[in-house]
Amino acid sequence: MTKTILYPFRIDHDFRMGYAWSAELARRLRGRLSLFTTVTESSESLEEVYHSLADAQGFYVKNFQLLQLRLKPVRSERNFLKGEFLPTFRDFVSRDIPHILVLPSHIFPSDVIKEYIVAGQPLAVLPSVQNPDIPTTRKDRSQWFIGMLKDVALYNVPASFFVTISEDQGLFNSIAAFFRK
Amino acid sequence: MRNEVRKSDEELITAILANDTEALGELYNRYYKKVFQKCVSLVKDPDEAFDLAQEALLKAFDHLKNFRKDSSFSTWLYIIAHRHCLLALRKKNKNGVQSTEALDEEADRLAENTDEVEHRIESEAIMFSLINQLPEADKELLFLKYREGESIEALQQKLQLSTSAIKMRLKRSKEKLNNVYVVALSVGLAEALAMLA
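If you're matching them up, the sequences are chains W and B in order.
According to my numbering, the first sequence is numbered sequentially starting from 1.
According to my numbering, the second sequence is numbered sequentially starting from 182.
Next comes chain B alone, as it looks inside the complex:
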C-alpha cells in the first residue's frame, strides 16, 4: 500500500518550476474548488465563476515564476483570482451600459459591486499580510477557522486542545490581529507589520 506524504504548496511550486506536471496537477486540484468559491463570492454567478476560476488558475500558473514567496501561495493565488474577477466585472459593467433602464440599473449595481470588490481586495491583502506575520500557531488557527472553515470540533481534534482552549486562542489571535489591523488602516501597513516583527 502506498503511503504518500502530502507535499506543501512550496514544494509543489519548486517541482512545477522544474517542469513537473504531476505537481502542477496536484496544485490545481488542491485549489480549484477554493478559487471557484472565491469567484462565486465576488461575481455572484456560479456559471460565470466556473470559467473565471479556471482562467485565474491558469493565469497564476503561467506566472508562477513571478511568485516571490513573501506571502503564502494561497494568498497570492486568491489575489490573482480577485483581480481576475474584478476585471471581469468591469468588462461586464462596460458592456452592460446600454440604453435600457434595466441594463443601466444592472450597470449601477455592478459598479457598486466593483467598488466593494476593490475595497475588499485591499482589505484582504492587508489582512493576509498581517496574518502571515503572526506567530505560526496563531496563523494556523486563523487560517483553519476562517479560510478553511473548520468547526471548533474539528479544530479540537486536529490540535488536540479542549473546546475552551480553542475558543480562547481564537479570541486572542483575533484580538491581536484586530489591533494591528487598526494600525495598518490608520497609520500604515509597514508600521503594523513592524509591531509584529
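Same shape as in the complex, but just chain W:
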C-alpha cells in the first residue's frame, strides 16, 4: 500500500521550500504526495494556487530533483477545497488520515500541532524560517534535504529518526523501512 505524505500550504506564505522538501520526502519514501490548501469561490483563487504551485514545482526541480539521473514528473494528489483553512484542513485529515503529515509551523498554531502529536499522528514539523539560504552548488544541494531534516521536528516516529544525521542514505533507509511497515 502506498504511503501518503500530506503537505498543507497557504499561498499567502512562501511554501516553495516546504513543497520541495515534502516532494523529495515522498520520492525517497516512494510515497504519494498529497497537497492541501483552501480556495475561495472565485476562479482567480484557484488559478492563483496553481500558479504558485507551478512556481514551487520549478523550485523543486531545480534544487532537488536534478540530483537524480533522470527527471520524472512529480505525481501528486491535489486537494484544493473551498472553506476556511484550519477547519477545512482538520475535517479533511479526519476523513483521510495520512501516513505522515508535514506541517509548516508558521501557518499552524502550536495547539493544533500538539493535538496531532497527542493523537499519535506521525508528524514532521517544518521550521518557521521562510527564507533559508539556498545552496548554489550541486554538492551543497545534494545535502540540502538531509541538512534541512536537522531542523525538522519529528513526532510519533521511532527513536532511530532522531539519530545524528549522516550524509549517507542510511537514515532514509530506516525511515523508508518504518513507513513501509
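Treat each hint with caution, since some may be false.
[Claimed, not checked] Distance condition first, Cα-Cα at most 30 Å in a straight line; then the derived DSSO-like pairs of lysine-lysine:
| hint | chain 1 | residue 1 | chain 2 | residue 2 |
| --- | --- | --- | --- | --- |
| 1 | W | Lys72 | B | Lys250 |
| 2 | B | Lys273 | W | Lys82 |
| 3 | B | Lys240 | B | Lys250 |
| 4 | B | Lys326 | B | Lys225 |
| 5 | W | Lys72 | B | Lys326 |
| 6 | B | Lys214 | W | Lys72 |
| 7 | B | Lys214 | W | Lys82 |
| 8 | B | Lys272 | W | Lys72 |
Treat the hints as calculated values from the structure; they're not laboratory data.
Position chain B against the provided structure of chain W, taking the given hints into account.
What follows is chain B alone, placed relative to chain W:
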C-alpha cells in the same frame, strides 16, 4: 554580492547538452509557469494542465538534442506542449465516448475543442515562424507585448520610448505581420517568409 548575468535560452541549452544540470534547472524554472499557462488555455482544467505541463517539459528536455535552433526555444517548447495537450485531449475524448448522454456531449465538446486546438497549433506555428523572421526590434516588441503580456507602461520603461512611440511601433509591427500572415495562409508560408527575407 554575486552579480549573475541572465543566460540566454540558447546558452543554457548548449550547457545542458554538455550535461550541465544547473542549466537544466534554470531552463525548467524559466518555462514551467508559461508552459502550465499554455496547457491551461488548451485543456481548460488547471489540475490536468499541471501534470501535462510537467510531462511536456520533460518530453522537450528528453529531446533537446533534436532542437535545431531554426526557431526560438520557446516556440519549439510551446509547440511540444501544444501537441502533448492535444494528445491528452484526444485520449480523454476516446475514453470519454461511452453510452451515457452526458459523456457523449462531453466527447463532442472535446472533439470540437480538439479541432480548434489543431487549428490553433497550425496558426500559431505559422505565426511564430513569421515573427521569427521579423526585424529584431519588431520581434522583441511583439513577444514582449503578446507573449509575455507586458503592459504599455512596462514596455515604455524597458525600451525607453514614449507611450505614443510604443503604440505606433506596435501598430506597424502588427500591420507588417498581418500582411505576411495573409500571404502565408493564402499562398504559402515559404512565400510569406520570402517577403520578410
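| field | Indices of hints not satisfied (ascending) | value | 5
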